[in-house]
Amino acid sequence: MEFFTTGKSRIGFRNIHPLLAELVRSLPVLVDPEGLSEAAEQRFYPEPVQGPEHEQLRSDWKAFVEPGLQEHFRSFRDIVSADLKNLIEKDEVFEISIPLKHADAWLNVLNQARIALASDLGFDDELLSSTEPPDLVSDRGLTAFRINLYAFMQQCLIEQVE
Amino acid sequence: MATKTTELPDVETETSLGQPWNVVVHNDPVNLMSYVAMVFKRVFGYPPERAQRHMLEVHELGRSILWTGEREKAELYVQQLHSYLLLATLERTGQ
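Chains as they are written, first to last, in this note's numbering: chain A, 1 to 162; chain B, 1 to 95.
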């Protein structure tokens, strides 16, 4: 799987192995709010302040700020879902090309996906920074592999938008 | 004559009643270091070196105070940081 740019307005990934293509295609499902675990939901919408004396602020945040964040995440998911229609097979591997202006939406959705996966399985710093090859037979190993795949894609996009 | 540039802390004068508030970003195992530095540049307009320094502080010390000032603006910064899925909170200075 490799990153590419086309002129100044399009970017993408090509030579994507079919298994990796499936993992990329599953992004919208992974971050669908209906399927988020409680741990992931708490991580998506963290409390803005700690301490019992700020109950009113937390309550106002939930009522007035969280809906805006939900809408923000939804709009990015919609962009990525639409872009994924361009994930096409070419000579037994896959390729996707997206407008550069969609890079922020992809960065956000890839982050949503990594956070959802890591929250579900309680991944910590040590596990996520491990240099050992993941054990793809176990759920944890496969999840670590997915998190690293999405991190690779994020890093490519960050280098492009920076 | 040689000149020297000194970086001043990013503290706004408190214009409303009460103490100023800190915008704190906390470490989390998921966000990439490059992503966190990028967000600091975008949200606060910090130059790359400063964004990098705050990112390393978050990574190594578990938290970094990104900005201090009036509550309304601090809330707006936290909201922006949450939109990037960073773990950020407000806290009163001196807490």
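Check the hints yourself; a few may be wrong.
[What the hints assert, rightly or not] List time: in silico DSS-like cross-link candidates among lysine-lysine, alpha-carbon distance up to 27 Å:
1) K8/A <-> K85/A
2) K8/A <-> K101/A
3) K90/A <-> K73/B
4) K90/A <-> K101/A
5) K62/A <-> K73/B
6) K85/A <-> K62/A
7) K41/B <-> K73/B
8) K41/B <-> K8/A
9) K62/A <-> K8/A
If you are wondering where the hints come from, they were derived from the structure by calculation, not from laboratory data.
How the hints compare with the structure:
1. K8/A <-> K85/A: 21 Å, holds
2. K8/A <-> K101/A: 10 Å, holds
3. K90/A <-> K73/B: Violated: K90/A and K73/B sit about 50 Å apart, past 27 Å.
4. K90/A <-> K101/A: Holds, because 24 Å separates the two Cα atoms, which is no more than 27 Å.
5. K62/A <-> K73/B: OK: K62/A and K73/B at ~18 Å, within 27 Å.
6. K85/A <-> K62/A: Measuring from Cα to Cα gives roughly 34 Å; hence the hint is violated.
7. K41/B <-> K73/B: Cα-Cα ~17 Å, so holds.
8. K41/B <-> K8/A: Since the Cα atoms of K41/B and K8/A sit roughly 22 Å apart, the hinted pair holds (cutoff 27 Å).
9. K62/A <-> K8/A: 40 Å, violated
Taken one by one, the earlier hints fail for this structure at numbers 3, 6 and 9, listed in ascending order.
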